[in-house]
Amino acid sequence: MRSTSSLRRSLLDTGNIFLVLCVVLFVVFLVNTYDMEEASSYLLPRMVCVFGLVVGSIKLVASCLGPRERDIDNGEGESGAGVPVAYSIAFVAIYFLATPWLGFILSTATAILAFSYLMRFPRKGLAVVLSIAIPVTLHLTFVTLLRASLPAGIIENLLF
Amino acid sequence: MLAGGAIGLVLGILPGLGPVFGVALLLPFTFWMPPHLGLVFLASLYACCVYGGSIPAVLLGIPGTTGSITTVFDGHELAKQGRAGIGLGLSVTSSLVGGVFGVVSLGVLAPLLAEFALTFSPADFFALAVLGLSMVAVASKGDTAKGIVLGALGILLSSVGVDPITGDDRFTFGIDYLSGGIPFVPAVVGLFALSQALLLAEKGRRIARPPRVTGGVSEGIMETLRHPFVLLKNSLLGVGLGVIPGVGISITNFIAYLVQKRSSPDPDSFGKGNPLGVIAPETANSACVAAELVPAFALGIPGGATSAIFLAAINSYGLRPGYAFFSEAGAVAWALVTGLFIAQFVFFLIGAFGANWFAKVTLVPSAVLVPVIMALSFIGGIVDRSMFADIIIVLLFGILGYVLHKGAFPIACLILGMILGPLVEENFYRAMIISQNDFRIFVSSPISITLWLVMAVAFLWGFVPVTDWFRKLKMRS
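In the order they appear, the protein sequences are chains A and B. By the numbering used here, the letter at position 143 of the first sequence is numbered 143, and the numbering carries on one by one without gaps. One gets the numbering used here by counting positions in the second sequence from 1 and adding 1000 to each.
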């Protein structure tokens, strides 16, 4: 029988946390099927929920009681060059939210510069050149060549 | 085709990215192209990406894709012996032969299978869709139970939005945006592209410095052509494994390598630079690439994540897989087959003459690669419908993809559940209406019974340690 602390550690595995979330989601969806009146709307989703709930719960219990599964290691990086994932997620969220207002070129240029700083890219001059060249190239490719619409933001609104 | 091929080659060479990432990231950009060009672009990208994985496998000992893992064993050994050119020649020629064989099989098998599928009832299609999903769960690298949970979650996510039967909103939780369902393209971009950016940022390193190519590529080409039987055997093996849902290039290249080693009169020479150790897996995985598309185009049942994205592309172009794809949209289908055929020669030329130059892309540091992937993910999320909420879907699915990768979940199952969900539901209700709610219809035809039996055997294989039992029995005897 496993000790309480090792059981707690198992529950904190990325895979097990996700399994708990899945079980909760299955329950939420299952509860929602009881609001539906037509059998054609709820029958299959309800079956899928129950099936997922059963398999997910068994897997969760088995993972907690069995030997601890390790998270997948991404390999060794150059020391200090990696960015913690929480920072990366926050960074991507800010980039995605800011792009419609700042415009694609400005926000992407800032993102490249910021990431070169965060990841300790040694060639600062090259980083500046790339931060201009990459967004302009992407913008020209998608807007001029493929006629896609990308957020113009304040820069283009000021220029045109 | 050239653009798709070149991009595919670069993505294949960069370890950690790969065909699913490439096809997912560039899918939204094909919406401006006519359907046949869009499919040819994606197919060239896919084929060249799988081949591209063999270049760092030979030069650096790092497989660019999961389909090139066994190529490292003998290909990199050749490079260490100063014969990297021969290794590249072997891989490019065997990929060409396997690829051509695979494309011919796609052209021959897919229409035949599609015609046979005309005899399928809704209950058969339901069983087939569930089988496709189960096979991917069983064959995936992770855990079968995890695959099943993800598949179920994928089906549930696909049921968000308007109920196809009643027209009422379902599982929208009062959010208007969800009435249209969870958009597939931003979800795919997040799961496969943005999640890779997060992983690369965490890893934070330059990938590797490629050595100079030494030894003649032409020597490798001639050496490959001296083994016609090995090429034919592994092409057949690749096609056979490719049409089975869930198998894919990663399993195919291992099986081809092991079969070749077992059947060799000198198995000890494998892992020490034996040319057959490169020829066998490279031929098989290239044949598998086109064969994997057979069930997707003929039946609408994708065999893995990449073919699921191809299926999404077909749906986005307003086409339907199955018999109609080869009869009504015949021009598109044959353009795809022809394009894929020519793409094999394109990557052969690029690989034979430019592998050394292309290998330099491994020098691109993550500090540059990560923001570029982020920017492309943003564009991929917004270009289809120009809706800001789609960007949030990219972000959420990006985080989800990262978590799934860390927890060793088979991500392909989620995407397969999402794409097969509508097919499962539609055929489930059609079968129920035909049978007047009698569940016995699902085991009433020989096709359904066979499919359920195959599924039962697959689950037995996935859940019960059958191979361990056999090994123990063998050891005892």
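A couple of the hints might just be wrong.
[Stated by the list, open to error] Pairwise CB distance ranges, derived in the manner of DEER restraints:
1) B/Leu1453 to A/Ile17: 35 to 41 Å
2) B/Gly1167 to A/Tyr117: 48 to 54 Å
3) A/Arg123 to B/Val1457: 53 to 59 Å
4) A/Val24 to B/Arg1226: 27 to 33 Å
5) B/Phe1173 to A/Tyr117: 35 to 41 Å
Hints listed in this document are in silico derivations from the structure and should not be mistaken for laboratory results. Computed from a prediction, not measured in an experiment: that's the story for all the values here. Cβ atoms here follow ideal geometry from the backbone N, Cα and C, with glycine treated the same way.
> Among all the numbered hints in the text so far, which are the ones the structure does not match?
Replying inline: 4
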